[in-house]
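J.: Can you build the whole structure from these sequences, using the hints too?
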Amino acid sequence: MSYTYVMSDIHGHYDEYREMLVKIDFKSDDMLYILGDILDRGPHPIKIILDLMERPNVVCIAGNHCVMACDCFKFLLQEINNDSINKIDDNTIEALLNWQMNGSDSTIKEMHSLSKDKQKEIIDFIQEFEIYEEVFVENKEYLLVHAGLGNFSKDREIWDYDLSELVWTRPDYDQSYFDDKYVITGHTPTLYIESKDNLHPGFIFKANNHIAIDCGCGIPGGRLACLRLEDMKEFYVENL
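In this text, residue positions in the sequence shown follow my numbering: the first is 7, and each later residue adds one.
You may find that some hints are simply not true.
[Unchecked claim] Straight-line distance between alpha carbons at most 30 Å, and here's what the computed DSSO-like set of lysine-lysine pairs gives:
#, residue 1, residue 2
1, K187, K29
2, K212, K33
3, K126, K80
4, K212, K146
5, K29, K146
6, K187, K146
7, K146, K53
8, K212, K160
9, K80, K115
10, K53, K160
11, K160, K202
12, K160, K146
13, K115, K53
Hints listed in this document are in silico derivations from the structure and should not be mistaken for laboratory results.
T.: Shown next, in the form of structure tokens:
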């Protein structure tokens, strides 16, 4: 039997990611959806990306760290000369500072160690990440998105949400968005979800047709989580 898995917010923790693949016994006929934020903070984000590039049965969804990286790569990976320096504007500086404050150092370091051709392959790969996915498993519908549905309204279709509302804005976990499908998100570590239903912070949160799977990999008290949709089995790898 093949299975469908969801994982999120690996944040450069290659060893935990690889251990999770072993723990779930990930096979070539399984599917894995990663709900964003592979990059930054941990020691080996690009090593994870290189591994994912070899896996046709993994679908990556863009997170805010992916968006920040794509906004900055063009400038950071160009040849530094008088012309490129003269083109620096306030928007570029703001984007670079914002990414730096969010843990860009490990991503930049690993990228600079690669050839220009490999850098371009990686950028092209990241730019092809999906913004959301809708999947059906065991007669249940799931909407997979990094952060949530910002400014949610039952009258809006998924394609009416802009990028920021999908990769930055946190959902209201106390409000049920849909009666007929589940919204699975990362972005907000379950350690920090403020909800009366969050009985086990740091583990997968399920309430009001929300499923939050960012369990704080790399954060003290957190861990990498993975959820199997066929039977809702939860898998965890503690911070190594």
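J.: A separate judgement is required for each hint: does it hold in the structure or not?
T.: Hint check:
1. K187 with K29: Roughly 28 Å between the alpha carbons, so the hint for K187 and K29 holds.
2. K212 with K33: OK: K212 and K33 at ~26 Å, within 30 Å.
3. K126 with K80: holds, 10 Å
4. K212 with K146: It holds: about 15 Å lies between the C-alpha atoms, which stays within 30 Å.
5. K29 with K146: holds, 25 Å
6. K187 with K146: holds, 7 Å
7. K146 with K53: The hint is violated at about 34 Å.
8. K212 with K160: holds, 20 Å
9. K80 with K115: holds, 15 Å
10. K53 with K160: Roughly 40 Å separates the two Cα atoms, so the pair is violated.
11. K160 with K202: Judged against 30 Å, a Cα distance of about 23 Å means the pair holds.
12. K160 with K146: holds, 19 Å
13. K115 with K53: holds, 11 Å
Hint compliance for this structure: hints 7 and 10 are broken, all remaining hints hold.
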